[in-house]
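Trainee: Could you put the whole structure together from the sequences, leaning on the hints where they help?
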Amino acid sequence: GQSLEQPSEVTAVEGAIVQINCTYQTSGFYGLSWYQQHDGGAPTFLSYNALDGLEETGRFSSFLSRSDSYGYLLLQELQMKDSASYFCAVRSDNYGQNFVFGPGTRLSVLP
Amino acid sequence: GAVVSQHPSWVICKSGTSVKIECRSLDFQATTMFWYRQFPKQSLMLMATSNEGSKATYEQGVEKDKFLINHASLTLSTLTVTSAHPEDSSFYICSARSDSGRSYNEQFFGPGTRLTVL
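Chain order of the listed sequences is S and H. Residue numbers for the first sequence follow the numbering used here, beginning at 168 and rising by one. Residue numbers for the second sequence follow the numbering used here, beginning at 45 and rising by one.
Please note: incorrect hints may appear among the correct ones.
Stated by the list, open to error - Which residues of chain H face chain S? A few of them, derived with a C-beta cut under 8 Å, are:
| # | residue |
| --- | --- |
| 1 | Val63 |
| 2 | Ser87 |
| 3 | Thr93 |
| 4 | Asp143 |
| 5 | Glu150 |
| 6 | Gln151 |
| 7 | Pro155 |
What the hints assert, rightly or not - Stretches of chain S that chain H covers, calculated by requiring three or more beta carbons in the stretch to come under 8 Å of a beta carbon on chain H:
| # | region |
| --- | --- |
| 8 | 181-191 |
| 9 | 234-245 |
As the list claims (entries may be wrong) - Computed, partial: chain S to chain H, Cβ under 8 Å:
| # | residue |
| --- | --- |
| 10 | Ala251 |
| 11 | Phe254 |
| 12 | Gly271 |
| 13 | Thr272 |
Keep in mind the hints are simulated off the structure, nothing from the lab. Note that beta-carbon positions come from the ideal geometry of N, C-alpha and C, so glycine has one too.
Mentor: Rendered as structure tokens:
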């Protein structure tokens, strides 16, 4: 089977740094993506890692270790508007037909 | 760029009726479109994957005769919930990707359709 694991909830205060981990077990691996979803809204793309290492995009960074089947999303200088659910997703085939989403992590940012 | 629209954004219908939801990629050609269902505070559950001009691939446990998917063009896919019942009430989200450029690895999501069946 294919499965991804994430913590269900994370709480942090404004200005802090938070790391959301994702471990995966899939039949194939062609990249790890992260999506943000606010309540009632659609998921929006944050980042994509196909190779090992850290990708930085502003306050958000994403890391991948393929040998450990593990990645994380790092959010720095947290703001209230970052309160949302965060999903990791694995592209498990070479043709872009199979994406497996994790259960999501609900991040609450407190003042 | 890479905008995906969904229509309607919400719909309330009586039990036994059919509801059609449209998903359009507005500024790119979507090689593949995905249909998801999401319950409150839960993850996205993939229902089916569709490619233009071919039959949709349904996930295990999803009834293809109940959830009819048509991907008639590179910019339009429709999901029809036939003979809807209250247990079909959910948030339905489509996404689209293409085989070119940055959208190869990225899915662009529509705003979702909230279906309530009375």
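Trainee: What are the numbers of the hints that this structure violates, sorted from low to high?
Mentor: The structure breaks hints 1, 8, 9, 10, 13; every other hint is satisfied.
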